[in-house]
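Protein chains: 2
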Amino acid sequence: MQENFGKWMGGIPDTFYAVSRLEKYAHHGTAKFYSKGSYIGFSGEGRSELFYVLYGKVQLNYIFDDGRERMVYFGGKHSVFNHLYHYAYKSTFEGCLLALENSKVCHFSEEQIEHIFQLDRDIILDLLKNSNAKASYFMKQAVEMDYFNSAVRVVRLLHDLCISMGIPVDSHIEVSIKLTLKNISEITGAHYVTVSKVFTLLKRQDILVKKTGKMIIYNLEKLKELTQRTQIFKNL
Amino acid sequence: MQENFGKWMGGIPDTFYAVSRLEKYAHHGTAKFYSKGSYIGFSGEGRSELFYVLYGKVQLNYIFDDGRERMVYFGGKHSVFNHLYHYAYKSTFEGCLLALENSKVCHFSEEQIEHIFQLDRDIILDLLKNSNAKASYFMKQAVEMDYFNSAVRVVRLLHDLCISMGIPVDSHIEVSIKLTLKNISEITGAHYVTVSKVFTLLKRQDILVKKTGKMIIYNLEKLKELTQRTQIFKNL
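Top to bottom, those sequences are chains U and P.
Going by the numbering used here, 608 is the number at position 220 of the first sequence; the sequence numbering is gapless.
Going by the numbering used here, 481 is the number at position 93 of the second sequence; the sequence numbering is gapless.
So that you can see chain U by itself, here it is in the shape it has in the complex (with noise of 0.2 Å):
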């Protein structure tokens, strides 16, 4: 059970915890295919659907009154977007999921997800499973949200990464993973010039260089003692 958590990439809200298992029960649902940048379907009152990612990638959306966008998290082949036994609860929120790549992705309703339970137990435990990680990472960003400026909560996305995928390379360390600016941006709620800043700050103090599909570590003592810091664009 414990490699579907390999995936992980700390810091990043992606996947959480693949639920393989649900795959030879997709005959149950209805697969369709969206080619990329089209949207997939819609959460909120009233609706009660399970998607889940055959392969692709496909994001899930929250909508402002405003009809502003924002990233809550996105997932690729085996994740889930849960938006079943929502019907009560009141603080369910608007969104929508787009496909990132072209995906095709398997809609179940609450009647086929149960009809599935009673035929393979083990399905409802990977989905607790799934559902516990993301609470657990939310809870985690509500909560440092407001202890930490925008600029910290970059760099403890940073060396989360470090620390999980980071691998020693010579006398520095190296992360693979393709995250734009605006990425980080989303993830972290950090203005994109506060995460451009960062960086330039990063490597004009010989910290981490960041390079297209890669970052570099130089300094990881360094790195996690900004994490520790309540600003860091003085006193450095």
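Source of the hints: derived by calculation from the structure; they are not laboratory data.
From a predicted model like this one, the values you see are computed outputs, not experimental measurements.
Errors might be hidden in some of the hints.
The list makes no distinction among identical chains, and a pair is therefore deemed to hold if it is satisfied within one copy or across any two copies.
[Stated by the list, open to error] Dumping the calculated SDA-like pairs for lysine to any residue here, alpha-carbon to alpha-carbon at most 20 Å:
id : residue 1 : residue 2
1  : K528      : F430
2  : K612      : I451
3  : K528      : D454
4  : K599      : M553
5  : K598      : G429
6  : K591      : F452
7  : K465      : N537
8  : K622      : L472
Since the structure of chain U is provided, determine the placement of chain P on it from the hints.
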């Protein structure tokens, strides 16, 4: 099933979804009494336990590296604090459970819970609903946190409470709730002083008055209008 959600008070991270069905399996776990103010347990890497409140009131605090604590959520009778299946989840946070009132809490290990799942399949479905409700609430919190400033978040909480719990009395609306300024500060992440300033402003504008154990809303329309502002201390 839906009545379990009835206890939900919009915007307050309290209980989320009561799992009353679990009480009859309490003898499979270990029930203990905790006097007000005492620690019930700790969570974090390597720990795996489910806490179930038989009576009383319990709060989960997040523990920051520097030892400071911050409320994540709390729960009354039949609430669940689920720290199972986090063993390989790298983003698990250090937390502690605290008795807010004299409480009786049942501790279940992973093995005990899985044994109960064998006896009663519906328990796991209830835990999934509980977990989904939390994940959904904290997604919303995390996403709104960097979109709305802290004063607006306070106004949004008050408006949510009014919509979900308000009762029309004469020409105004009353919300019966015991909620201190400190509680509101912890829930919204707004500074205590900001919370206080928001109430002063709402009172001065004849929008809302906070009394002990209740809030009286005189102008719901104006309150709603404020929830859509980017800031509320100017141009009112």
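These are the hints, each one checked on the structure:
1. Proximity of K528 and F430 under a CA criterion of 20 Å is satisfied inter-copy only: 16 Å between copies versus 26 Å inside one chain copy.
2. For the homomeric pair K612 and I451, the shortest alpha-carbon distance between copies (18 Å) is at most 20 Å, but the shortest distance inside one copy (35 Å) is not.
3. Taking identical chains as interchangeable, the C-alpha atoms of K528 and D454 lie at most 20 Å apart only when they sit on different chains, with a minimum of 15 Å there against 27 Å within one chain.
4. Only within a single protomer do K599 and M553 lie at most 20 Å apart by alpha-carbon distance; the minimum there is 16 Å, versus 52 Å between protomers.
5. Proximity of K598 and G429 under a CA criterion of 20 Å is satisfied in neither setting, with 35 Å inside one chain copy and 41 Å between copies.
6. In the homo-oligomer, the alpha carbons of K591 and F452 never lie at most 20 Å apart, since the shortest distance is 35 Å inside one protomer and 28 Å across protomers.
7. When the C-alpha separation of K465 and N537 is checked against a cutoff of 20 Å, the pair qualifies neither within a copy, at 33 Å, nor between copies, at 36 Å.
8. Neither within a single protomer nor between protomers do K622 and L472 lie at most 20 Å apart by alpha-carbon distance, with minima of 47 Å and 41 Å respectively.
In the structure shown, a violation is registered for the earlier hints numbered 5, 6, 7, 8, in ascending order.
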